[in-house]
Amino acid sequence: MVKFDLDITGQPELIHSFINDAIFKIEQIVSISDKLRHRIKLILIELLTNSIKHSLISKGKIIVSVEQKSIKITLINKGTSFLSAIGKQLDICNIGEVIEVFFSETNNHHIKIIDKNKLEFLNPYEHNFRTEELKDHYGLHIITLASNCFLYEYDIENRENIFIVLFEI
Amino acid sequence: MNVQERNIDDILLIYMQERDANLAIADQFKQLVLQRIESGETKLIISFKYVSYLDSSFLGALVSILKNLLPLQGKLVIIDLNEDILSLFEITRLDKVFLLRESLEKALEELK
Chain A
1 MVKFDLDITG QPELIHSFIN DAIFKIEQIV SISDKLRHRI KLILIELLTN
51 SIKHSLISKG KIIVSVEQKS IKITLINKGT SFLSAIGKQL DICNIGEVIE
101 VFFSETNNHH IKIIDKNKLE FLNPYEHNFR TEELKDHYGL HIITLASNCF
151 LYEYDIENRE NIFIVLFEI
Chain B
1 MNVQERNIDD ILLIYMQERD ANLAIADQFK QLVLQRIESG ETKLIISFKY
51 VSYLDSSFLG ALVSILKNLL PLQGKLVIID LNEDILSLFE ITRLDKVFLL
101 RESLEKALEE LK
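In order, the protein sequence lines correspond to chains A and B.
For the first sequence, the working numbering gives the first residue as 1, with consecutive numbering after it.
For the second sequence, the working numbering gives the first residue as 1, with consecutive numbering after it.
This is chain A alone, in the form it adopts within the complex:
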């Protein structure tokens, strides 16, 4: 396994060069198809954009782990829990349960509760879940659709939001 990390900038205008840098580094380690390259780019764009939009401090880190058959991208940034946006909707849920949550009226997602501070976003098309086509926000939806697995966890002790995206090569 090869790992590298990149410090995130809070400046949208630098996202482009950051992503090119990340793709270059990935391709130094493993050969990826055009389709996978497009998807990795889409996800990096959204992870960074969401990080800028929602973090108290627009700094963080992206860690990319590359193995023979998979790539894992982890975004870590400090701030209040991302789950506070849907907190009340999770109050009565059980571990292992799959529920539909709404970040806004048209921004619905289906998630699987892994534990109190960890969940998995589920691909609505793979599971035949209803999804609003004309959303007002697409960030999380794009990451879910473009990856093989998308997880979120809040580290209470360090006050860190951790987003994990997995790709099969």
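Derived from the structure by calculation, the hints contain no laboratory data.
As the structure is a computational prediction, the values presented were derived from the model and not from experiment.
A few of these clues could be false.
[Claimed, not checked] 27 Å max Cα-Cα, derived DSS-like pairs, lysine-lysine: (1) K53/A x K30/B; (2) K35/A x K96/B; (3) K116/A x K69/A.
[As the list claims (entries may be wrong)] Chain B regions said to be covered by chain A (calculated; three or more residues, Cβ under 8 Å): (4) 1-12; (5) 15-27; (6) 32-45.
[Stated by the list, open to error] Residues of chain B clear of chain A, computed beta-carbon distances all greater than 12 Å: (7) L66; (8) K67; (9) G74; (10) E102; (11) L104; (12) E110.
Just so you know, even glycine gets a beta-carbon here, dropped at the ideal spot from N, CA and C.
With chain A's structure known, arrange chain B on it following the hints.
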């Protein structure tokens, strides 16, 4: 924000001339186009010829523009998408919602 506009008959053609169609300009672009719609423009072509990437914020802006056009029986055609941006539309299935065409000529045919 760098945008160029011109009219071809009753069609408004808008060229997005920023490399990055992103969070920083999404709202500004949306407001610009909504103002044009309010002024009576209901046939729009938006070209992304100069754009390298487009993020979810900008996608949301395009959806908002489309939602404003629909009640007016307006039409929006998007052209000149590179592979990355086309991939975004395909993954989100918005390629079935938006009219995407390969060229200005095909877009004009769609609107005439």
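Next item on the list: Against chain A, does L104/B hold up as non-interface, every C-beta pair farther apart than 12 Å?
Entry: 24 Å, holds
Notebook entry, point to check: Given the hint that K53/A pairs with K30/B, does the C-alpha gap stay at or below 27 Å?
Noted result: 18 Å, holds
Check: Regarding the assertion that L66/B does not contact chain A, is the least Cβ-Cβ distance greater than 12 Å?
Finding: Non-interface label fails for L66/B: nearest chain A Cβ at 7 Å, not farther than 12 Å.
Item checked: Assertion that K67/B lies outside the chain A interface [Cβ separation over 12 Å] -> 6 Å, violated
Notebook entry, point to check: Does the no-contact call for E110/B survive, Cβ to all of chain A over 12 Å?
Noted result: Since the minimum Cβ distance to chain A is about 20 Å, E110/B lies beyond 12 Å and the statement holds.
Note to self: Taking beta carbons only, do three or more residues of the region 32-45 of chain B come closer than 8 Å to chain A?
What the structure shows: It is violated, with 0 qualifying residues against the three required.
Item checked: Whether E102/B stays farther than 12 Å from all C-beta atoms of chain A, as the label says -> At roughly 18 Å from the nearest Cβ of chain A, E102/B sits farther out than 12 Å, so the non-interface label holds.
Item checked: Check of the region 1-12 of chain B against chain A for coverage (Cβ-Cβ below 8 Å, three residues minimum) -> violated (count 0)
Note to self: Check the hint pairing K116/A with K69/A against an upper bound of 27 Å on the C-alpha distance.
What the structure shows: Violated - the C-alpha atoms of K69/A and K116/A are around 30 Å apart, more than 27 Å.
Next item on the list: Just double-check G74/B for me: nearest Cβ-Cβ distance to chain A has to come out over 12 Å.
Entry: 15 Å, holds
Item checked: Three-residue Cβ test at 8 Å for the coverage of the region 15-27 of chain B by chain A -> Answer holds; 5 residues pass the 8 Å Cβ test.
Next item on the list: Given the hint that K35/A pairs with K96/B, test it: the Cα-Cα distance must not exceed 27 Å.
Entry: At roughly 19 Å apart (the allowed maximum being 27 Å), K96/B and K35/A satisfy the hint.
The structure shown violates the earlier hints numbered 3, 4, 6, 7 and 8.
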